[in-house]
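The listed protein sequences derive, respectively, from chains Z and D. Residue 1133 in the numbering used here sits at position 190 of the first sequence; the count goes up by one each step and never skips. Residue 158 in the numbering used here sits at position 75 of the second sequence; the count goes up by one each step and never skips.
Please keep in mind that the hints were generated in silico from the structure rather than gathered at the bench. Keep in mind it's a predicted model, so treat the numbers as computed, not measured. Virtual Cβ for every residue (Gly too), placed ideally from N, Cα, C. Take the hints with a grain of salt, since some may be wrong.
What the hints assert, rightly or not - Taking beta-carbon pairs under 8 Å as the criterion, some of the chain Z residues facing chain D (in silico):
no.: 1; residue: F1068
no.: 2; residue: D1149
no.: 3; residue: S1197
no.: 4; residue: F1198
no.: 5; residue: L1220
Claimed, not checked - Here are some chain Z residues the structure puts well away from chain D; computed CB gaps all over 12 Å:
no.: 6; residue: G1001
no.: 7; residue: L1310
no.: 8; residue: I1401
no.: 9; residue: K1438
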Amino acid sequence: MHEVSAAPAAHHGPPTTFIRKHVFSTDHKVIGIQYYHLALVAVVVGMVLSWLMRIHLGWTNAAIPGLQALSANGAPGGVMTPEYYLQLMTMHATIMVFFVLTTAPFAAFGNYFLPIQTGAEDMPFPHFNMMSFWVTLTGFLVLVSAFFVSDGPPLAGWTSYAPLSAIGKAAGPGQGAGQVIWATALGIFCVGQLLGALNFISTVLDMRCKGMTLSRLPVSAWAWFITSCMGLTAFAVLMPACILLILDHVAGTSFFIPSGLVINDQLIPHSGGSTLLWQHLFWFFGHPEVYIAIVPGMGIVTHVLVTNMRRPMLSMKAILYSMWALAFLSYMVYGHHMFVSGMNPFSSLVFSFPTLMITIPSTIVVLIWIGSLYGSQLRINTASLFALGFISMFVSGGVSGFFLAQPSIDIMLHATYFVVGHFHMVMGVAAMFGIFSGTYFWFPKMYGRMMDETLGKIHFWLTFVGTYCIFMPFHYLGWAGNVRRYAAFTDDYLKPLIPLHQFISVAALFTGAVQLIFIYNFINSRFRGAPAPPNPWEGTSLEWIMPSPPPWNNFGGKDPVVYHDAEQYGVKTASGADYIMQNSPEQALPGGDGD
Amino acid sequence: MSHPDVALGGHHAPAMEPSPFAIPAIKLAMWLFIISDIMTFAACLVAYGFLRNATPNWPRPYHSSTIISVLVMTVILVTSSLIMLMAVRAARAGDRANAFRWTMVTLALGILFAILHVREWFGMIGQGVTLSTNPWGTGLFGGAYFSVTGMELLHVIAALIALLIIGLGYKSGRYGAAHVENCNLFWQFINIVWMFVVPLVYLMDIAS
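In isolation and in its complexed conformation, chain Z is listed as follows (with noise of 0.2 Å):
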């Protein structure tokens, strides 16, 4: 019999009427479950927007049906300008970064499962925390609206680097409103983190329950208190850069636009800023904004493994180390983006140290997921599929990371696709797959029902498959001096990769295609799955104490107390299981597997 203390715990009511219940809740769970509709619907659309793309540069006179609809000026006949592919480049990327990588894995389920692991009735600041959500949404529809513009989204990629991004129209099209739309959408969404970081922080540090000392922590707890620090302080440097750069569109100033800039034979009529500036305060928020993607699904990934091998990690302190190392170093690495900017080449070196220093904490935690894994009956499903997937994808998309941490090299690689293929296994698919990993993991808590396995495998092994054949031959592009950010190749040196790029063009549309099985089977099983038990991968921590779904208040009025941390598996016990619970005062008998 799991103990509970009986102490009353009325923080808030439970919602009465369907608003408060469903819209303007204060709930964690709801909030964590409205942020992981709005990452459905941004990748949906990031998703559409890539393939338009990789439509483009695979058949590049190739009219796509009802392009025109969305711009007429941007895709005359269906066929997108050169301009018009940049925009949907700059707002594919924005939107997967900001509104799917960092929002997913970090404010859905960490709103939803931080409370609840930590032993918590909800969070300390409810109403920030429904506030953080409405400002997010407001961000995309915002950035969104970007699209109905007179001259569309703007084309200075998610970087939006200066003079392009500072200029205005002159720049091109979407220059203008569009990206002051862009840097408003940003500034938006940094408020909306920084909301959500107040909430994380401080549930960690005031509201675990009896018992819960850091030690007992999950580790996705960790990882989410790790980012949610990394979220405090980094948004905060992009919201007044963005502020700058509106400022210099719409009050005249010139912080980042040059002395003597002439476009189009005309003079800007702009004094004194730096280019260089932008980059040094984009690049101070974009490289943790890259961690800040990565470590939720770091430890959602530890989280799924340790419950599925059924035995506690090699070194559980290892890897919140390396987590809390990777968020640190992340800070003094971000100078490795500008080697070709223009930057003093001293301080190329001088960044390249810490670069080259932050793949040992990945190492490390790499070496111990795979050295745990070593040996272990590894329960397969799909979320530890997609764990083992998230490996393969980071240490792939790694270790192009150290051909690119020295100057020397990423001097020749850097404006070619071959940085594409990195950050988009690294950071990107690596995050999906963590994302898709704890969504087959914690779908039957949050909805109440299980997700249809076979599905999810036939799910798993097609996008995994699919983005091997995408993002690989990026790296032999980059190799063959393929550049990026062209809408088309009709160089001569270029022509001969137009087949590899058709190649990855079909892999990108079938393994888009591939994700309505996911959606079917997220749709299908939410209403006719399964119902799902309370424990239905036999995990320890607490969520897996409470009913699927939890009541509103998670522990049934009840504060939980917590005895173990949350690796006592492969543990013999009088019952018989193999684990044992946190919540469980039972102590594990000599002679199981994880002694």
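On the provided structure of chain Z, position chain D as indicated by the hints.
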């Protein structure tokens, strides 16, 4: 921390073992917000320094009248910091009348600071400084000057509104000592930021 007022801010797990981190959630949130705001100000101040160093014809417009005015503003802020601490001490002791009085004195000094700040701005505007032009050098100067000092002024105004609301609320019993303490944290933080703004923006560019 034994005053019942302090135990605000959400539900606490009852029998939690003593933890060095177990501070009231609203106070923790204020500290976290300050950390975040430090990053925002740092970005602004670093950007200012970066642009100033990267631009050869950066103006040096400040004469002794400006510097004296800025020093007076600084003295006012430091005094208000001290008085705000007296408000916190009174609030911790449950002395609502005195806590309210000192909060209002802080508020008055803050308003005086803001008025002098705005007067400073009008002085610059009167000399022909706009966001994109000025009579002395690079057009960038005005934008940078108004952004950094405007950011500070915006924070001061936000803090003044908070002081007013919390001060009145504390007097009427709506808010507790923890709220007064939170106001204090924010106020002290803004004052510390001002100590960075003064040398960077004013003292480095005194007219020769």
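Practice task
Mind checking the CB of Z/L1220 against every CB in chain D and telling me if the closest is under 8 Å?
Solution key: Where the cut-off is 8 Å and the nearest Cβ of chain D is about 5 Å from Z/L1220, the hint holds.
Exercise for the section: For the hint on Z/F1198, just tell me whether its beta-carbon gets within less than 8 Å of chain D. Expected result: This hint holds: Z/F1198 lies near chain D, its Cβ roughly 6 Å from the closest one there, short of 8 Å.
Problem - Restraint satisfaction for Z/D1149 [CB to CB of chain D, less than 8 Å] - result: holds (5 Å)
Practice task
Say whether it holds or is violated: Z/G1001 keeps its Cβ farther than 12 Å from all Cβ of chain D.
Solution key: Its Cβ never comes within 12 Å of chain D, the nearest being 41 Å, so this holds.
Handout entry: Restraint outcome when Z/S1197 is required to lie within 8 Å of chain D by C-beta distance
Key = It holds, given that the least Cβ distance between Z/S1197 and chain D is near 6 Å, below 8 Å.
Problem - Exclusion check [Z/L1310 not at the chain D interface, CB over 12 Å] - result: Holds: least Cβ distance 31 Å, greater than 12 Å.
Exercise for the section: Against chain D, does Z/I1401 hold up as non-interface, every C-beta pair farther apart than 12 Å? Expected result: Label holds. Min Cβ-Cβ 44 Å, cutoff 12 Å.
Problem - Supplied contact hint for Z/F1068, tested at 8 Å Cβ to chain D - result: Result: holds, 7 Å to nearest chain D Cβ.
Practice task
Take a quick look at Z/K1438 and tell me if its Cβ sits farther than 12 Å from every Cβ on chain D, holds or violated.
Solution key: holds (42 Å)
The structure is consistent with each of the numbered hints, conforming to all of them.
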